[in-house]
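S.K.: Chain residues, written in single-letter form:
2 protein chains.
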Amino acid sequence: MRIAISDPDDSRIEAYRAVRERDLVGRQHRFVAEGEVVLRVLLNQSRFEIESVLLAESRLDGLGDMLPLLAPETPIYTASRQVMDAIVGFPIHRGVLAIARRGVPEPVESLLSRLPEKALVVGLVGLANHDNVGGIFRNAAAFGAQAVLLDQETCDPLYRKAIRVSVGGVLVVPFTRVPSAEAMVRALEAASFEVIALSPSGRDVLSHIKPVRRTALLLGAEGPGLPPDVLARTRTVSIPMSGGFDSLNVATTSGIALHHLAFTGSRR
Amino acid sequence: MRIAISDPDDSRIEAYRAVRERDLVGRQHRFVAEGEVVLRVLLNQSRFEIESVLLAESRLDGLGDMLPLLAPETPIYTASRQVMDAIVGFPIHRGVLAIARRGVPEPVESLLSRLPEKALVVGLVGLANHDNVGGIFRNAAAFGAQAVLLDQETCDPLYRKAIRVSVGGVLVVPFTRVPSAEAMVRALEAASFEVIALSPSGRDVLSHIKPVRRTALLLGAEGPGLPPDVLARTRTVSIPMSGGFDSLNVATTSGIALHHLAFTGSRR
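Sequence lines, in order, name chains A and B. full-length UniProt numbering puts the first residue of the first sequence at 1, with every later residue one more than the last. full-length UniProt numbering puts the first residue of the second sequence at 1, with every later residue one more than the last.
It should be emphasised that the hints constitute simulated quantities derived from the structure, not laboratory data. You may find that some hints are simply not true.
Just so you know, same-sequence chains aren't split out, so a pair can sit in one copy or run between any two.
Capping the alpha-carbon separation at 20 Å, the derived lysine to any residue pairs in SDA-like fashion look like this [claimed, not checked]:
hint, residue 1, residue 2
1, K210, P227
2, K210, T264
3, K118, F263
4, K210, F263
5, K161, D131
6, K210, E14
7, K161, I92
8, K210, H93
9, K161, I50
With the rest of the complex left out, here is chain A (with noise of 0.2 Å):
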């Protein structure tokens, strides 16, 4: 359903209102998508259900073979760039919006009852930047993990950047939170995973992991890493790497290892 928005001050494109002021405060029932290419991936491959879109007027003939996708009832809104970027609150390049519901958050033991025998699932302890969160779940969807679990000092996958960066993959690869890093670890090992613990003083070396076939990979923040209880009670692995640079960024260090994990034993 294609509304034209002229006003900025339409009231019924609140929610687009301020994106940036928002995002700060955070959204409790919502999330802000923006991009062609989260946008395609929002209405192809996720669970989320879309609220409505707001389309700078000079993208629509791009976006044709999309807007079908669409529940009929969903409005389209369609604006001048200089009115959605009044609405927005800044120039919004893109010209591409989506809201979306976030849903109820699924109980950890549910989401991972439901996952097949053979299994890859990603847990992310302390990870407060957008942009490595959203490079892990980019890479947990390229990968094939079935969940990422978080604990609660782990920032929003569903923030609008950690989105762009994982080029949509947050809206693929479901997620759910846990009280802590230490219930994580419990409700992982009563599902019957191993949990794969990834630190620089990890005792064995990830190139010589077989994974068994319910596998968790625990990674924590580049300079604390994880807690010393989770070490404890894990398999800690590490990767080695050349001498006097012992430092790799944690999104790329998920993707070598669920890389590994992915191909190796299995050699798909």
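Place chain B on chain A using the hints.
M.R.: Frame of chain A; chain B shown alone:
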């Protein structure tokens, strides 16, 4: 040699003025490094000559162990936060800057000829994004690549942000430019490298590759990839991904491939 600066217009700190504006223009003979981590690499592991250092007074105590590593005649300018911000032109939170000399670029033949018999080299084609180039150098340093080759379209690794993202990796791994991707492949072949070109359409699968004694890994930009004539004359290799989500960041890709090449076969 410590020199306290109290006047932002002091002619001795000319090289630190308007850092961002000069970043955009580019510096022909010098570069700017920022932050404690990068300064540490510059002092301890790099081949570059430091011309001077500019430090916020509040940082002096924390950096005390590093400063004796500077040549005695190298100026260590110190200033208050306020004066430092006025010199640089924006709030320089890290409070640590250095100016170093680029040195004379080494011809590719000379660089390759002095590498050991067993060597791993990275070649970058058309990579215009400083985050990606910085990220790739970080991985090259972490996995002990001996050199990085850049075509003319690849951006400057000595740009301030690329150095920072590389965590100093661009200061550690030798690099040089070649006139074109074709010249890169020719120089590598002449130096007995097997040239592996990463591409989503690659014939071989990365996890099956056993690296030979001298291996070069070529990477192109995320959209266009490597040019067809390069793919036609090299061994093309792909990283298989999960159905429907065929997308990896190029820096992550470099990390996955370098990890595989560094630890397979030799099983270090």
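S.K.: Each hint should be assessed against the structure and marked as holding or not.
M.R.: Hints, verified against the model:
no.	hint	result
1	K210 with P227	neither (24 Å within a copy, 36 Å between copies)
2	K210 with T264	both (6 Å within a copy, 14 Å between copies)
3	K118 with F263	within (13 Å within a copy, 26 Å between copies)
4	K210 with F263	both (10 Å within a copy, 15 Å between copies)
5	K161 with D131	both (7 Å within a copy, 16 Å between copies)
6	K210 with E14	neither (52 Å within a copy, 57 Å between copies)
7	K161 with I92	within (13 Å within a copy, 24 Å between copies)
8	K210 with H93	neither (45 Å within a copy, 44 Å between copies)
9	K161 with I50	within (18 Å within a copy, 37 Å between copies)
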